[in-house]
Amino acid sequence: ETGVTQTPRHLVMGMTNKKSLKCEQHLGHNAMYWYKQSAKKPLELMFVYNFKEQTENNSVPSRFSPECPNSSHLFLHLHTLQPEDSALYLCASSQEKDSKAKNIQYFGAGTRLSVL
Amino acid sequence: DAKTTQPNSMESNEEEPVHLPCNHSTISGTDYIHWYRQLPSQGPEYVIHGLTSNVNNRMASLAIAEDRKSSTLILHRATLRDAAVYYCILRGYNNNDMRFGAGTRLTVKP
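Line order of the protein sequences matches chains A and B.
Quick note: the first sequence uses my numbering, first residue 1, plus one each step.
Quick note: the second sequence uses my numbering, first residue 1001, plus one each step.
Next up, chain A with everything else stripped away, as it sits in the complex:
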């Protein structure tokens, strides 16, 4: 148990569906992240939230829409996805300090998404 909980663990959706992924951290951290892990590709950072404000968006298509209502919760809203968006979506959190170089990120187990 890492203190970061993601739901659902598995999700199958059609290309016209709208769904949301949820992440909750119980560690009192002030930063949260979304990553994408496709088959045979390295993890890719998608979004970063720091104190509920989005501080990074790594050129992610608009069909992925993040939401961070408070420091403990992070959502990823999905709409009109493509089959190539099928992947493991991972959430992480960390306690931001003066230097990001020493920050440790704690990951959830991920949501395995299949887009049909």
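Please keep in mind that the hints were generated in silico from the structure rather than gathered at the bench.
Only a predicted model underlies this, so the values are computations on that prediction, with no experimental measurement involved.
Hints may be right or wrong, so weigh each one.
To be verified - Have a look at the derived ranges for each label pair, beta carbon to beta carbon:
hint	chain 1	residue 1	chain 2	residue 2	range
1	B	Glu-1066	A	His-10	43 to 51 Å
2	B	Ile-1074	A	Glu-56	28 to 36 Å
3	B	Ala-1065	A	Lys-18	46 to 54 Å
4	B	Pro-1110	A	Gly-28	34 to 42 Å
5	A	Glu-67	B	Pro-1017	39 to 47 Å
Unchecked claim - Stretch-level coverage of chain A by chain B, calculated; a stretch enters the list once three of its residues show a Cβ under 8 Å from a Cβ in chain B:
hint	region
6	37 to 45
7	55 to 62
8	94 to 101
9	104 to 110
Don't be surprised by glycine CBs; every beta carbon is placed ideally from N, CA and C.
Based on the hints, put chain B in the right spot on chain A.
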């Protein structure tokens, strides 16, 4: 951005030490060296990190070369539970982006 190079895979026998190498010849003076691992069907898990000196914790040891162009993660006694993909990552002062790379897939034989 500084990048790391790791072997694609390594094998170890249970209860033997494992040395996982990482090359990072373009590391900058302020980059920290982090190691994470990802067990099957789980998210990545922090293992250890360091800057210049060797580091020890309950999971592993990190040996950093004097010129900092390479490092080695040491698992002192591998168990079956240590079978995972191990990632060596450089983190800069203001860098949110952890570049995971392909990592090293460690297989532990009973």
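The hints, checked one at a time:
1. B:Glu-1066 / A:His-10: 43 to 51 Å: Cβ of Glu-1066 of chain B to Cβ of His-10 of chain A: about 47 Å, so the range 43 to 51 Å holds.
2. B:Ile-1074 / A:Glu-56: 28 to 36 Å: Hint holds: Cβ distance 33 Å, inside 28 to 36 Å.
3. B:Ala-1065 / A:Lys-18: 46 to 54 Å: The hint (46 to 54 Å, Cβ to Cβ) holds, given that Ala-1065 of chain B and Lys-18 of chain A are roughly 51 Å apart.
4. B:Pro-1110 / A:Gly-28: 34 to 42 Å: holds (40 Å)
5. A:Glu-67 / B:Pro-1017: 39 to 47 Å: holds (46 Å)
6. 37 to 45: holds (count 3)
7. 55 to 62: Coverage by chain B holds here, the residue count being 3 at a Cβ distance below 8 Å.
8. 94 to 101: It holds: at least three residues are needed, and the region 94 to 101 of chain A offers 3 whose Cβ sits within less than 8 Å of chain B.
9. 104 to 110: Held - the region 104 to 110 of chain A has 7 residues with a Cβ nearer than 8 Å to chain B, which meets the minimum of three.
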